[in-house]
Amino acid sequence: MALQLYDPTIDDMEARDTSEAQRLPSLENCTIGLLTNGKVNADILLREVGSLFEQRNNCRVLLEENKGNASRPAPAELLQQIAADVDFMVTAVGD
Amino acid sequence: MTTTREARNQPLELDDEMSAIAYCYQQGWTDGLPVVPPTTALVDEMLEASGEDPESILATHTTTGRHCSAHSAAVNSVMAGCLPEYFPIVAAALRAMSHREYNYHGSTASTGGAAPLVIVSGPIVDAIGMNSGVNTFGSGNRPNATIGRAIRLVHLNVFKMVPGVTDRSTQGNPGKYSLCIAENSQANPWASLVEESGFPSGSSCVTVYAASAFHNIENHYSSEGDGVLMTIADSMASLGSLTHGQSVVVLSPEHASIVAQNGRTKLQVQEFLFAHAQRPIEELRKVGKGGKAKEEQFHRGLSPDDILVTVAGGEAGGHSAFLPSWSRMRGSVMQTEIIKPISKD
Numbered sequence: 001m002a003l004q005l006y007d008p009t010i011d012d013m014e015a016r017d018t019s020e021a022q023r024l025p026s027l028e029n030c031t032i033g034l035l036t037n038g039k040v041n042a043d044i045l046l047r048e049v050g051s052l053f054e055q056r057n058n059c060r061v062l063l064e065e066n067k068g069n070a071s072r073p074a075p076a077e078l079l080q081q082i083a084a085d086v087d088f089m090v091t092a093v094g095d
Numbered sequence: 096m097t098t099t100r101e102a103r104n105q106p107l108e109l110d111d112e113m114s115a116i117a118y119c120y121q122q123g124w125t126d127g128l129p130v131v132p133p134t135t136a137l138v139d140e141m142l143e144a145s146g147e148d149p150e151s152i153l154a155t156h157t158t159t160g161r162h163c164s165a166h167s168a169a170v171n172s173v174m175a176g177c178l179p180e181y182f183p184i185v186a187a188a189l190r191a192m193s194h195r196e197y198n199y200h201g202s203t204a205s206t207g208g209a210a211p212l213v214i215v216s217g218p219i220v221d222a223i224g225m226n227s228g229v230n231t232f233g234s235g236n237r238p239n240a241t242i243g244r245a246i247r248l249v250h251l252n253v254f255k256m257v258p259g260v261t262d263r264s265t266q267g268n269p270g271k272y273s274l275c276i277a278e279n280s281q282a283n284p285w286a287s288l289v290e291e292s293g294f295p296s297g298s299s300c301v302t303v304y305a306a307s308a309f310h311n312i313e314n315h316y317s318s319e320g321d322g323v324l325m326t327i328a329d330s331m332a333s334l335g336s337l338t339h340g341q342s343v344v345v346l347s348p349e350h351a352s353i354v355a356q357n358g359r360t361k362l363q364v365q366e367f368l369f370a371h372a373q374r375p376i377e378e379l380r381k382v383g384k385g386g387k388a389k390e391e392q393f394h395r396g397l398s399p400d401d402i403l404v405t406v407a408g409g410e411a412g413g414h415s416a417f418l419p420s421w422s423r424m425r426g427s428v429m430q431t432e433i434i435k436p437i438s439k440d
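In the order they appear, the protein sequences are chains A and B. Going by my numbering, the first sequence opens with residue 1, and the numbers climb by one from there. Going by my numbering, the second sequence opens with residue 96, and the numbers climb by one from there.
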């Protein structure tokens, strides 16, 4: 007699949307937010990236934030606050 | 073959048990060991016995937004080899891990390789035949082995914490197969974890903790509590694991008996360990560690409360265990949850 099995996984559609954010039409003259995960060297890497955007695209780094805990998602309020102030954000994971 | 909700509602059909086991391997649904095929009959029996609403959410993985329903937990528990009477512990452990402070994502994705340590305390230990004695960390006991494994399979199949993909542990941890122990109530000279929890009398509880691999602490020679505790504190303060994270210390019955001589309380044990599990900050600095710490003496944890002390193991042997937390600070905090008894209705 055939066995009937349940599937132990869940539908990917039930999980959070991880699709790409809408692309900006141009990077020129944009304001940038930097978000570090708080680990060693993440801030150094981010500042360098921010500096390259400033040199190449005439961008301006407006703020640098630390999400406070490397292993937890950034607080939603922090992301909303950054999103309200800048055109795009760069994040980096150091260690 | 799809893995949609429709597919779950229309169970898969396999010819026989061996085909089903092979199919589970092909789908990547196992931890490397064969699983019990999650037949509809076994899963439905487990859910019915538990009294849980199949659609109720037991745990949520906040980063991905994935939810683990009682149905999904039961499917994975059957695959792990659990019997229905074990399911309330699996459900309670998942609820405990879903507390934000436990930090599901970090502890399951990190290079640190945490394994979820599940500690069961209370009458359910004997009621379902858990092992709190010889070989307490394994192997050989079905509930201990399969409850911990069920948690792991949920991580793999529901939360998609897949080794090499989303689980980026540098070296892994044998506890990732299963890491579930039971408190030894007969050998424990102090209040049990469930008695300390404040849950109603007669309850059982589960404590979950994102654990790094344990240190075996051997001292067969001291008959003094200070001697045993100093040995443990020394391991807790080793350069490789000295952080401000929490600790779990599992005393063997022999060590517990020696330590509790002269009426030493559990709180005094915690205070002693906190006081002695430390070293000068210069020693950490010499190996590049210590971060921004300003204190001259760097202690394991932030206070005596950060050290959970319990008792488990065989009667003979001067072997205890120290399990450092995966978190080096408060990235994950241990959680305790009451175990809902199986409904008799």
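Among the hints, erroneous ones may be present.
Said to hold, decoys possible - Straight-line Cα separation of at most 25 Å, DMTMM-like style, residue types lysine to aspartate or glutamate; simulated pairs:
| # | chain 1 | residue 1 | chain 2 | residue 2 |
| --- | --- | --- | --- | --- |
| 1 | B | Lys435 | B | Glu150 |
| 2 | B | Lys387 | A | Asp43 |
| 3 | B | Lys384 | A | Asp11 |
| 4 | B | Lys389 | A | Asp43 |
| 5 | A | Lys39 | B | Glu196 |
| 6 | B | Lys389 | A | Asp95 |
| 7 | A | Lys39 | B | Glu390 |
| 8 | A | Lys39 | B | Asp262 |
| 9 | B | Lys255 | A | Asp11 |
| 10 | B | Lys255 | B | Asp126 |
| 11 | A | Lys67 | A | Asp17 |
| 12 | B | Lys384 | B | Glu319 |
| 13 | A | Lys39 | B | Glu378 |
| 14 | A | Lys67 | B | Asp262 |
| 15 | A | Lys39 | B | Glu377 |
| 16 | B | Lys255 | A | Glu64 |
| 17 | A | Lys39 | A | Glu54 |
| 18 | A | Lys67 | A | Asp95 |
| 19 | B | Lys387 | A | Glu65 |
| 20 | B | Lys387 | A | Asp95 |
| 21 | B | Lys255 | B | Glu150 |
| 22 | B | Lys381 | A | Glu54 |
| 23 | B | Lys435 | B | Glu196 |
| 24 | A | Lys39 | A | Glu64 |
| 25 | B | Lys384 | A | Asp17 |
| 26 | B | Lys255 | A | Glu65 |
Just so you know, these hints were derived from the structure itself, not from any lab. It should be emphasised that the depicted structure is a prediction, and the values quoted were computed from it without experimental measurement.
Violated constraints from the hint list, given by number and in increasing order: 3, 12, 16, 22, 25, 26
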